[in-house]
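Participant: Just so you know, the sequences run in chain order L and F. For the first sequence, the numbering used here assigns the number 1 to the initial residue and increments by one for each residue that follows. For the second sequence, the numbering used here assigns the number 1001 to the initial residue and increments by one for each residue that follows.
If you are wondering where the hints come from, they were derived from the structure by calculation, not from laboratory data. Some clues are possibly wrong.
Unchecked claim - One-sided excerpt, in silico: chain L residues whose CB lies under 7 Å from chain F:
#1 Ser92
#2 Phe94
#3 Pro95
#4 Asn96
#5 Ala105
#6 His106
#7 Tyr108
#8 Ile109
#9 Asn112
#10 Phe115
#11 Val116
As the list claims (entries may be wrong) - Pulled a few chain F residues facing chain L out of the computed Cβ check, cut under 7 Å:
#12 Ala1088
#13 Tyr1193
#14 Arg1198
#15 Lys1199
#16 Ala1202
#17 Gly1205
#18 Ala1209
#19 Ala1213
#20 Gly1214
#21 Gly1272
#22 Ala1273
Where a beta carbon is used, it is the ideal one built from N, C-alpha and C, also for glycine.
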Amino acid sequence: MPEKLPVIRLAHITKRYGGVVALRDVEFSVLPGEVHGLVGENGSGKSTLVKIATGVVQPEEGEIFIEGQKISRLTPYLAFKRGIHVVHQDLSLFPNLSVAENIFAHEYIERNRSFVVWQDMERRALEVLGRLGVELDPREIVGRLSFADQQLVAICRAIASSAKLIILDEPTSSLTFREVQRLFGFIRELKAQGIAFVFISHRLDEVLEISDVVTVLRDGVNIGTFPKGELTKARLSFLMTGREITTESLVADLPEAREILRVERLTRRGEYADVSFTLHQGEILGLIGPRGSGRTEVALTIFGLRPPDSGKIFLEGKEVVFRSNRDAIRHGIGYVPENRLLQGLVLDQPVADNITVTILGELVSRFGFLHPSRKIAVAERAIRDFGIKAPAADAPVRSLSGGNQQKVVLSRWILTAPKILILDTPTHGVDVAAKESIYEMALGLARERGIGILFISDEEHEVLKVCHRILVMREGRIVREYRPSEVTEEALRREIVG
Amino acid sequence: MALLGRVARSTEVYLVGVLLVLSVVLFLLNPKFATLENIFDVLRNNSFLGIVALGELVVLISGGIDVSFTAIATVAQYVMGVLITRYAVESVFLAFLIPIPIGIALGAFNAFLVNRTRVHPVIITISNLNVFYGLLMVISKGKWIYGFPAPFRDFARLKVLTLVSEKGVDYGLSIFTVVWFLIAVVTWLILQYLPIGRKIYALGGNSEAARRAGFDIFRIQLFVYCYIGFLSGLAGFVHAELNQMIQPNAIVGRELDVLAAAILGGASVFGGAGSPLGVVLGVLFIAFVKNGLILMKASAYWHQVIMGFIIVLAATLSAYQQNLERKRRKGV
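Please construct the entire structure, taking both the sequences and the accompanying hints into account.
Facilitator: Shown next, in the form of structure tokens:
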């Protein structure tokens, strides 16, 4: 039997953007029916590699082979025709159209002159869905599906245009544990049918679980392609960052500390019920649970944005009722939202303005005008203190990496000198090294300034590492409380899934 | 039909209900409302509004917006008026052929600017509204046109169905109402069964995904702005027929009525939603309200107040509906 030809092979690829080398002499190939993990920190060249494999950008040096045939100039259309597809993080679906139409929308380009035969389209959609064993109504409007189901529609769309390789870009970052397992089931099913996958993720556990081989990129260089058997999570982190990253708990036991926040039997219909806990000075309290478990809703209530139907909130022993988040901020509560890009930052505005937006009142002169020099001075100190990597205080936030953007959001709240800080999944979508620096920031704030931190997360190892106590939330209720020493990652995960 | 979109369909069912209630109320206030004569009259008088609203719907679905259509209709009908009176054009068909290409050309101009400048279409088309209308006023000096050739006058009285009232006056279903409903059917067929129609929905639903899917965005934009241009030209003809007179300032200013009808009918200013049936119902709703006000002899200023109120109400309702939709999707 002849050896299987790779679906795609990139040979000695080099790509520069201006003076910056994005990829240097990279070798990368994917065999049919293979799940190929691709890992690397932000800026390591993963997305450039994907863009080259799909013809979106052209390499300066190197060759591209598709099924053994040399392609002199790969265009997006050619890549599509040859069966190389990407499922982007945002899925690129049409939320207002049906499942069937999303699967076959690409056909409108070539069948420009024929009528749309709905029955035919729906029948063929059922066939494709059937190949995956997905039970979805082809007539359902895509915008009404859960994110996980929408993702399956995007995968079906690739299959419907006879994909041979499907590149999944961070497919699990918005999925619950169960949805991830379901997705993996579908990947295995399609793999058995000979379809290859490139699986790009920051979640190394998942990369190791689903991949046959893993390629590690660091600073645009291929560090190596390893069979799964040779890898552990620690080794993978080391290969990505070039430094050891511990999984040991980073927190010391908290001495008897003063209570700063207590909530009693908080309930908000349809969101969460009977939530009680306390938070102490200098404590990091983990709140972990799947998406939709009510964790963010509880946080927003404490931040004054969603009034509870019943229950009480006490700050330093005194009951408070917040009518808005302005009340909460006045009482020393800070909230770093889940999606910093959507809710937290004005991306085109300078770093300095983004940092100081919470304390504008303090930067105003006697006549009510803003002091530009004072603003810059405060911002520069924050940039230094919190180790934000920014070219200048007046550079737009957009020019910063994800991890550094997150630090900008954090630092603006710290400037308000809060007593309580709510961090809502602060490491979502940032790379390993940036995660570490966010942990260090949180730990430093708790230890040195005595801030009580409510740390919302969906990664078990993370709460085990940085929290003094961990609350597990499921279907709107707090179901367990642990100390990190009392529970393993596995046990915690089982408790979360329920 | 099945894939019309469940949201749209529910909007339409809802509108039919509202229309029925409104009709009963109007009938109780003034029984004259429910006479066939009055209904046919309303349908005839609103065929201009109905036709351009269908064009606006198509633009809105694509995620764009056009407010210059009133100026396009005016320019198109004015040029027609000048030509047929000066050269005494006897053929109505020939007259009909004049405004259409003018509308399409001006629509293409809109599409070109929207695509190349990447400025929001509301800005582009407001500017073009002023450019088209301003130029017309400069050149025409605002002069009215009347005294059309006889065949042009007779055409306006053409009916598909003729009845005689108790007082012995002829009335019936006007040819222009038929044209309006025909356009609605054609628009529905295009949107529902032609790839270009589906691409219009897709573009309005997610423009980035449409780009990635390889759709030719300019071609879609060209189609939608030319389509409303075409319908504006046609509506300009209808308007001239209905009034038997062309005033350069008669149409400009009615943009909000048309937008209101489209939004009432389920179209969204964010794109991706709406159906021709909904827009026809939206136009009927506005037409009935206005007719009711006339039958009640309310002052013209009240018309404005009530129209403004309806727009706010429609926009609020559709925002509320979207909110519900989002909550249901999150499914806490």
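Participant: Each hint needs a verdict: does it hold in this structure or not?
Facilitator: Right, here's what the structure says about each hint:
no.	hint	verdict
1	Ser92	holds, 4 Å
2	Phe94	holds, 4 Å
3	Pro95	holds, 6 Å
4	Asn96	holds, 4 Å
5	Ala105	holds, 6 Å
6	His106	holds, 6 Å
7	Tyr108	holds, 4 Å
8	Ile109	holds, 6 Å
9	Asn112	holds, 5 Å
10	Phe115	holds, 5 Å
11	Val116	holds, 5 Å
12	Ala1088	violated, 42 Å
13	Tyr1193	holds, 5 Å
14	Arg1198	holds, 6 Å
15	Lys1199	holds, 6 Å
16	Ala1202	holds, 5 Å
17	Gly1205	holds, 4 Å
18	Ala1209	holds, 4 Å
19	Ala1213	holds, 6 Å
20	Gly1214	holds, 6 Å
21	Gly1272	holds, 4 Å
22	Ala1273	holds, 6 Å
In summary, the one numbered hint that this structure violates is 12.
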